[in-house]
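Kindly produce the complete structure, drawing on both the sequences and the hints.
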Amino acid sequence: MGFSTNLQSRGGHEALLGRQEAELRLLESMRRCLLNKVKCDREYSSALCVVSAQAQKVERGDDNNYLSGSLVAQAWKGILEELERVAKLVKSNADTVEKETIEKLNTLYIEKRKARKTYQDEHTRISLQMSNVAEEVSRKKAEYQKQFENYRLMRSRFEDHFFKCEFKIMCQIV
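Read in order, the letters of the sequence shown are residues 1 to 174 in full-length UniProt numbering.
Hints in this document: simulated from the structure, not taken from any laboratory. Backbone N, C-alpha and C define an ideal beta-carbon position, used for all residues, glycine too. Mixed in with the good hints, there may be bad ones.
Said to hold, decoys possible - Under the rule of at most 27 Å between Cα atoms (straight-line distance), these lysine-lysine pairs were calculated in the BS3-like manner:
id : residue 1 : residue 2
1  : K77       : K88
2  : K57       : K37
3  : K99       : K114
Stated by the list, open to error - Computed Cβ-Cβ distance ranges for the label pairs, DEER-style:
id : residue 1 : residue 2 : range
4  : M130      : A22       : 22 to 28 Å
5  : R113      : C33       : 52 to 58 Å
6  : S29       : Q54       : 36 to 42 Å
7  : G12       : C40       : 37 to 43 Å
Structure representation (structure tokens):
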């Protein structure tokens with residue numbers, strides 16, 4: 001994963017999590033809105049079918065003999081046919097939205113949740129690894145400082161011993 005250096009801090013991590021949460025909430029909201037639209041479209045389609053059926057009942061009434069060949073009756077019949085066609089089209093579009101769009105939206109939601117979980121797991125793993133390395137570095141640094149102090153002490157003792165021996169040798173020569 002190659003993140004910008006701006007996103008590698010704690011604030012960047014929180015910003016990424018916030019973005020992921022906001023996107024998931026948006027996808028949930030989109031899903032609810034689309035389901036509501038599908039429901040409304042189906043109700044509208046059903047209402048158009050009811051209106052068309054009622055109008056056809058009126059059309060088949062007693063005055064039907066007088067209306068044969070009437071331009072008004074032909075126009076009304078055309079309107080009713082168009083109303084039925086629109087009702088079928090609205091229902092078909094609602095079915096398509098439900099079948100394809102909402103299904104893809106659900107898939108996207110699932111993928112986003114998996115990506116968020118993967119990101120969180122990786123961040124946790126890397127943070128744990130980083131803290132382990134930092135602890136090891138601190139431990140090694142403390143050990144180094146201890147060994148360095150030990151070295152300085154030993155060197156000091158060596159120099160004292162060396163100078164004492166050298167002084168004794170010099171005294172014996174003189």
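Results for each hint:
1. K77 / K88: Within the cut-off at roughly 17 Å; holds.
2. K57 / K37: Violated, at roughly 30 Å.
3. K99 / K114: Holds: K99 and K114 sit about 23 Å apart, inside 27 Å.
4. M130 / A22: 22 to 28 Å: holds (27 Å)
5. R113 / C33: 52 to 58 Å: violated (19 Å)
6. S29 / Q54: 36 to 42 Å: Holds: the Cβ-Cβ distance is about 37 Å, inside 36 to 42 Å.
7. G12 / C40: 37 to 43 Å: With Cβ atoms ~42 Å apart, the hint holds.
Of the numbered hints listed earlier, those contradicted by the structure are 2, 5.
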